[in-house]
Amino acid sequence: MNFDKIEYDKAGEVMYRYEHSSGLKAFMIPRKGYSKRYAAFATHYGSINNEFVIPGDTAPTAVPDGIAHFLEHKLFEQKDGSVMEKFSALGSNPNAYTSFNQTVYLFSCTDRFNENFDLLLNFVQNPFITQESVEKEKGIIGQEIMMYQDDPGWRAFFNLLGAFYSHFPIRIDIAGTIESISKIDRDTLYKCYNTFYHPSNMVILVVGEEEPQNVFSMIEAALQKKEAVPEIKRIFPDEPGTINKDYTEQALSVSIPIFQMGYRDNRRDKDGIELLMHEVAVKLLLDMIIGRSSELYNQLYSEGLLNSSFDTDFTIEKEYAFSVLGGESPNPVKVKERFCQAVEAAKSKGLDREAYERLLKSTTGRYMRQFNSVERIAHSFISVYFKGVNMFDYLQIYDKITFKYVEEIFKEHFDRANLAMSVVKPV
Amino acid sequence: MTNTIVAEKAVRISSLNGIEVFRINSVKFKTSSIHFFFQDNLTRESVTVNSLLPAVMRRGSRDYPTLGDISKQLENLYGASFDCGVTKKGERHIIQFYAEFLSKRYIPDGTDSFKASLDLLYDIITRPAFENGRFKGDYLEQEKDKLKILIESRVNDKMSYSVDRCLEETCKDEPYGIYDYGFVGDLPGISAEALTSHYKKVMETYPMQVYLAGDISDDDTKDVLDRLSGFKRGSILQLGNGFAKKQPDEPRYVTEPMNVTQGKLCIGFRTNTPPDSPDYNALMVYNGVLGGGIHSKLFQNVREKASLAYYSYSRLEKFKGLMVISSGIETQNKDKALEIILKQLEAIKNGEISDHELEATVKSMETGLKSLGDSQPSLVDFYLSQTVSGTNNNLADIGESIKKVTKDQIVRSAQNIKLDTVYFLTSQGVGSESRQEEKKQ
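Sequences listed follow chains A and B, in order.
Taking this note's numbering, I'd label the letters of the first sequence as residues 7 to 433.
Taking this note's numbering, I'd label the letters of the second sequence as residues 151 to 591.
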């Protein structure tokens, strides 16, 4: 059996890589001295994939919103009961999550890695879904949906996505709605499973003190032989080039307005490395303009317009990208105005080169700190993997990125026409 | 495969004038950290001023007079972090300051990150940005506003709010019922003079713990000890932890109306088992069987069988002797959920504990104990908790004791558990016209 070893001296890290005959790729990142082992089995399939052409079909298939997440819940059900119980008999922690474009099954354990890993490899490949269990799950997921309806940060975020996009399915809650999940049945779940859970659309990652030889031979033994399939055609609705609306609000039981605002980013990068570079640039820019050391943040903080709940982020995939700046404020609209003024001022005066150098240094240090935690490593790795890159590619970005590139992204991203704000205000 | 827990140990390297210094050495992490704790008894009088103090202190120091200056220094140290705040453990109120930073051997430009971070942290703690010998008035007033917002904003997270409120109601007439961040009404009365004299009291009389974790050299340790030897101390405050035995005759029922989509049912219990008792291990296993994970009775019965909730768990408050059960449910399912939950407690009392439930609980607790050593903040918190419970356990001992817990011991723990307060956060009772439907876009 063949696998590669790749060394990243700068980070003091090593990664092992293996490719199975089915097209599935597997990775292993060792963690010396850690008790915890973490394994993830992920598919490139998430909440936005609600219309697609099944390989072999000609007509597209549309499925109810929230089905990827529903399938995530149901996969734990096996012929002989819930696989959760088998994990818990081993004392390990199984879990799963669904995001916009991936579904991830995972466990962490400290002992008996092989038995745990075998469970993971097997249950993800062997769905056993009955109509009865589908109906039962609707009650549980219904409560999950209702829980999020009371979460002001979550609501502000999805309302913002709805302001950015008129049709693109990222605007729909990952779990769907009570109404949309009522339409989910066993057959549709299997249709989605058979389309998206093909090994060539999946990845396996192990983090922890294990032997790569052992990890990869277990995968070799457990992976079912499946015929190669052509690429899945993912269908997305036509989305206008401009944002849906620039302001949206909702009333909830909160003590102070909670806001999220940001720019929808229409630049479409060609490959994974460009995506990462773009991400690092926008994150640096957000820190330069309104990060903790910026003049603007310090002014808004002193004036009582922002507090330490404020944070910024940037999300980018091949199909979509947007920045989010969010927090609590007695007057979110004023925060937006002051922010826009600072952006305009930076456009005429130019960006602060010293701040750029300092924040690049800080960014590299924060990247390194992720390696403290097996969960953080796994999460970072999986979240960039389906963009066609891996988390160690950030190292070359930090070397390659230039002030000039950041200036170019600044002009493009921070375009007032693409700025939207979402506010959750007190009832 | 090892069955004993080999985790990073906290070694006490000094104890003088009520200042204990611990070192937790480990080179597996990429970062190191420095933690300062100042402990007080949780009281109505000191809670608000204790929580305001670190908020004002983090605004600036002599060498780093503004928030922006502190942030720039952290960025220069390759994205180090610094924060401070308050927390409660039992009836102790603890003020915390910490810095976490990339360890020296990962710093590309050769900066001594330990020394630089200690300089910053020590400056913030010992040399606040004073003006005329006291805290700056503008920082004070701004932080009062921020603290007011923070206290009021606890309702925004319904899950944690409902659990906190349940325990506060359970301990309505005891100090534990006081919210960590204090009282909005007490803020206006705190002047710069009052805060400054409180600061001196904290520095001179609150018992202190200092933890140095990560890749720590002997020189680093010496540096800390040298600085602390210059710390001016007075007579050191005596502390309790507030543990109390209680046998309520009747449970209390508290309903809080709020505009929510989902109701939160939280139930507070008295465990009647002190944290330093040999029975505490059995109580931990009891809690695990009841609601400590997917194998537990609550998860299996409330979620999996009845489909009433997405989450249902139980959790111990070790120091005060409390247990809380929490679930998010449809408001009209309250009675049904309460009945199923209480049935699970009865079942354990009657000895209905399967081998699977017991084994899975013990194994999952072992996993938790072993995993603790993979996180510096968790390690520090574990050892700090020992100072509150007055115990001197290590992870391996706890792991061994848990494995020995029998079903009989669990049943005995169950007999001591007494229902105290049933708290329900619900939209029922809120005017129907104010119940807003989610905006459709």
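Calculated directly from the structure, the hints in this document are not laboratory data.
It should be emphasised that the depicted structure is a prediction, and the values quoted were computed from it without experimental measurement.
Please note that a few of the clues may not be correct.
[As the list claims (entries may be wrong)] Simulated coverage check for chain B against chain A, where a stretch passes if three residues somewhere in it have a Cβ under 8 Å from a Cβ of chain A:
# : region
1 : 210 to 218
2 : 227 to 234
3 : 339 to 345
4 : 434 to 445
5 : 474 to 481
6 : 490 to 500
7 : 541 to 555
[Claimed, not checked] Listed next, the in silico EDC-like pairs over lysine to aspartate or glutamate satisfying Cα-Cα at most 20 Å (straight line):
#  : chain 1 : residue 1 : chain 2 : residue 2
8  : A       : Lys85     : B       : Asp323
9  : B       : Lys178    : A       : Glu363
10 : B       : Lys554    : A       : Glu217
For every residue, glycine included, the Cβ atom is placed at its ideal position computed from N, Cα and C.
Do the hints match the structure? See the list:
Counting residues of the region 210 to 218 of chain B whose CB lies closer than 8 Å to any CB of chain A gives 3, which reaches the minimum of 3, so the coverage claim holds. Check result for the region 227 to 234 of chain B against chain A: holds, 4 residues qualifying (beta carbon to beta carbon below 8 Å, three or more required). For a cut-off of 8 Å, the count of residues in the region 339 to 345 of chain B with a CB near a CB of chain A stands at 0, and the three-residue condition is violated. Figure legend: the region 434 to 445 of chain B, annotated as covered by chain A; annotation consistent (3 residues with Cβ-Cβ distances under 8 Å, at least 3 required).
Counting residues of the region 474 to 481 of chain B whose beta-carbon sits less than 8 Å from any beta-carbon of chain A gives 3, enough to reach three: the coverage restraint holds. Here's how the region 490 to 500 of chain B fares: 0 of its residues keep a CB closer than 8 Å to some CB of chain A, so the rule of at least three is not met and the hint is violated. With a cut-off of 8 Å between beta carbons, the region 541 to 555 of chain B has 0 residues touching chain A; three or more are needed, and the interface restraint is violated. Taking the CA atoms of A:Lys85 and B:Asp323, the gap is near 52 Å; set against the 20 Å cutoff, the hint is violated.
For a cut-off of 20 Å, the pair hint linking B:Lys178 to A:Glu363 is broken: about 29 Å separates their Cα positions. Distance hint between B:Lys554 and A:Glu217 is unfulfilled; the C-alpha atoms sit about 32 Å from each other, more than 20 Å.
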